[in-house]
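K.L.:
Next come the chains, spelled out residue by residue.
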Amino acid sequence: MAVTAVKGRTWRRRADAPGSAEREAVRLRRLMLTPMTVLLLALTVFPTLYSLWLSLTDRTAAGENTGFVGLRNYTDLFGSAQLRHAFWLTLVFCVAAVVVEVVLGFAIAHLLHGLRREHRVLRALLILPMAATPVAVLFGWKVMLDPSQGVLNYLLGLIGAPQPDWLGTPTAAMGTMIMVDVWMWTPFVIVILLGALSSLPQELVEASHVDGAGWFGRLRHVVLPHVRPFLVLAVLFRGIDCLKAFDAFQVLTAGGPGDATTTLNMLAYRTGLQFLGFGKGAAVSVLLLAVALVFGKVAMRFIRREVRA
Amino acid sequence: MPKHPPDRRTVLRYGLAALGAPLLAGCAQSTEIRVAGVDVTNLDAFTSANIDWRSEQGATLVLGAEQHPWITAMSPYLPQFEKLTGIKVSLQVSGEDQYVAKMPVVLAGHNSTPDVYMVWSYGQAVQSGWLEPLDSYLANANDPAWYDEQDVFASAKDYVRWRGGTTYGLAITAEAQVTFYRDDVIPDPAALGTFEGFQEAAVRAQESGKVSAGVALRGKPTGDAVAWPAAGYVFSHGGYLIDPGGRLAFDSPEAVAGVARYADIVKAACPKGVSTWSWLEITTAMQQAQVAMLQDSSNAALDIGDHDKSRVADHVRAAPFPAHNGVSKPNLYHWIIGINKRSRQKKAAWLFLLWATSRQGCTQIAARGGTPPRVSAWQNTHFQEIFGRQPAEAALKALRSADSKPVTLAWMHPKWPEIGDAFARAVNSVFTSGTSPHSALAEARSRLKGVL
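Sequences listed follow chains Z and U, in order. Numbered by my numbering, the letters in the first sequence go through residues 13 to 321 in order. Numbered by my numbering, the letters in the second sequence go through residues 19 to 470 in order.
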């Protein structure tokens with residue numbers, strides 16, 4: 013490379029710089045990216061930083077007599093039984109929903125993968141819950157779950173089964189929320205895992221046949237190792253989604269009965285937007301973000317390790 | 019990745035798409051409603067007043083409101099106001115959830131519009147400095163005889179009078195807790211006069227097999243759902259949510275007794291699933307003939323007495339709210355309208371308030387199904403035809419004798435959203451998880467320690 017030395021430094025000569033057409037292309041690309049970058053800064057980075065700042069203040073909607081309070085909102089929250097309760101409920105909901113979705117999603121994807129012709133039709137049908145507008149779907153669920161007028165209890169009644177009050181007791185309500193989430197989002201896991209199974213090298217499967225591996229052996233030693241990074245990816249996406257689940261809780265239970273389904277996100281909404289305590293609400297949101305970040309970091313590390321392996 | 023820069027045509031195409039998308043989105047989310055095509059009548063009734071209606075002609079007012087029967091009944095008359103005053107009115111209507119979430123942000127952002135708005139939480143709005151004091155406007159009203167303040171329910175006047183006597187808004191609706199029952203299912207309405215008799219009648223109706231449940235009550239654990247009807251039980255048992263000294267009184271023996279009674283009735287005679295029910299569900303249950311009674315706001319008469327929507331419209335009657343030891347203190351509610359303190363059109367806004375809350379204004383709104391806080395409006399024949407003569411009389415009786423003190427102390431409190439939410443969740447947990455009323459209310463009180 014031709015270089016010119018000036019006072020011990022090396023400078024790239026203009027003649028060696030990329031061609032002017034390429035420079036133009038780079039400039040244009042930057043120009044085209046600018047609006048998106050500005051939007052990203054304005055709509056994501058700034059609100060996040062502003063939320064962080066808000067969480068360190070006692071700002072309310074009135075905006076009077078408010079100011080910097082340091083970590084007081086956080087210490088108040090950590091001392092609050094309500095936050096601990098909301099954290100526990102969030103954990104229960106996330107773990108149960110994600111485990112069921114991933115197990116069920118894998119099972120259905122595996123079954124669908126075995127089907128050749130019907131595969132596409134069934135896949136289209138299965139993603140319907142995910143494709144429909146969530147709030148509309150949730151209002152549909154609300155009607156179906158009504159213990160006295162809903163279709164679910166009507167069908168259960170036809171076969172003589174007990175007709176529960178789906179959202180009427182603390183335990184039933186959380187179980188129902190998990191069930192609805194599973195119904196809505198298992199198709200998402202199926203789509204990811206179907207893609208993973210499609211990329212499974214056929215030679216490996218055939219080799220396992222030749223080696224005399226049974227169905228379970230093939231599943232354990234061939235299929236699962238191949239789809240494991242995708243499983244972790246599904247867990248990551250669904251885990252973060254469950255952490256910030258809001259619409260279903262708001263429409264179906266409003267956090268009740270009592271406080272039995274008041275998750276962290278519901279608590280943030282109530283504190284920040286219903287009670288207009290912007291500082292405290294922001295602190296709950298920042299905690300939620302921190303939990304999501306830690307979870308995401310761990311999952312990403314796992315994915316990288318799997319991919320390397 | 020392609021190395022070629024996009025050509026001009028591509029840039030233009032995407033540029034236009036990028037410009038067009040927000041415009042389309044803006045159109046889709048617009049809440050602007052234009053009112054047109056309504057006959058303007060009765061101008062004489064307003065021009066006869068000694069008020070200079072044209073003093074602000076040429077101004078444009080923005081009116082912020084949620085979807086509500088009052089807006090539905092009032093908006094057809096906006097052309098009349100525009101013709102009377104020369105002031106244009108731009109109506110911005112949102113759904114309740116959206117409105118309640120949006121307005122604090124708008125007002126806290128020091129916006130000068132909406133100039134006039136429906137106030138969802140009066141105490142919070144006053145405390146936050148979002149409302150223009152109206153005392154000087156009221157004192158300088160040019161024609162008090164025409165406005166006729168004596169015609170306004172006492173509870174409605176008390177409701178808007180803030181501590182120290184300042185008025186920051188005017189009531190536009192009146193609602194009181196009453197019991198609606200079906201005369202083909204409830205044989206002895208006289209028994210509904212006490213809580214014991216009401217509960218017994220509900221249970222008997224349920225056992226009769228004519229309906230699937232005895233009574234529809236709100237159970238959803240939010241400040242705008244179960245808190246309102248349950249508070250009437252607390253007040254009638256002699257309790258308060260906030261006592262006259264400004265202290266939380268959730269767990270007083272009287273309040274506990276009221277909540278216990280409410281929960282008992284829910285458990286004994288309400289439909290399964292009522293723990294998530296709010297206004298829509300209870301009125302639908304009554305319209306669909308699933309319950310024998312509905313106990314809630316008098317405004318339910320408009321829904322359950324509507325022959326197009328209700329299967330039981332011909333059988334609906336209203337009874338006074340039950341009493342405990344001879345004391346009946348039904349809960350009541352008045353929607354309030356006020357002027358944005360930062361409005362640049364305050365005089366025009368005041369003219370709107372005068373027009374909408376005057377005796378004549380209320381009468382015409384009542385004739386379209388609004389429920390204004392004036393005796394004359396409730397006695398209006400057109401109003402009684404829409405509302406139902408008998409329910410209107412029962413509600414009017416309740417509104418004229420209502421004690422607004424307990425409800426004002428609670429609902430006007432600046433921290434009512436938190437207080438109402440804690441109370442609602444406590445009541446809900448009594449009939450959903452078997453928690454005792456005392457421990458549920460005591461826990462709610464302790465949770466609010468830091469708030470007050």
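If you're looking for bench data, these hints aren't it; they were derived computationally from the structure. Even glycine gets a Cβ: it sits at the ideal position worked out from N, Cα and C. Errors might be hidden in some of the hints.
Unchecked claim - Per label pair, the in silico range of CB-to-CB distance:
#1 T87(Z) <-> G227(U): 55 to 63 Å
#2 V104(Z) <-> G227(U): 37 to 45 Å
#3 G147(U) <-> R96(Z): 30 to 38 Å
#4 G468(U) <-> L116(Z): 52 to 60 Å
#5 S92(Z) <-> P271(U): 26 to 34 Å
#6 T56(Z) <-> Q397(U): 33 to 41 Å
#7 V107(Z) <-> G113(U): 48 to 56 Å
#8 K415(U) <-> S92(Z): 41 to 49 Å
K.L.:
The structure should be examined with respect to each hint, and the outcome stated for every one.
P.N.:
Consistency of the hints with the structure:
Between T87(Z) and G227(U) the Cβ separation comes to about 58 Å, which falls inside the hinted range of 55 to 63 Å. The beta-carbon spacing between V104(Z) and G227(U), approximately 41 Å, falls within the hinted interval of 37 to 45 Å. The hinted range of 30 to 38 Å is satisfied by G147(U) and R96(Z), whose Cβ atoms lie roughly 36 Å apart. The given range of 52 to 60 Å is broken by G468(U) and L116(Z), whose C-beta atoms sit roughly 43 Å from each other.
Between S92(Z) and P271(U) the Cβ separation comes to about 28 Å, which falls inside the hinted range of 26 to 34 Å. Remark: the range hint 33 to 41 Å for T56(Z) to Q397(U) is contradicted by a beta-carbon distance near 58 Å. For the pair V107(Z) and G113(U), the beta carbons lie near 34 Å from each other, so the given range of 48 to 56 Å is not met. Under the hint 41 to 49 Å, the C-beta atoms of K415(U) and S92(Z), about 46 Å apart, fit the expected range.
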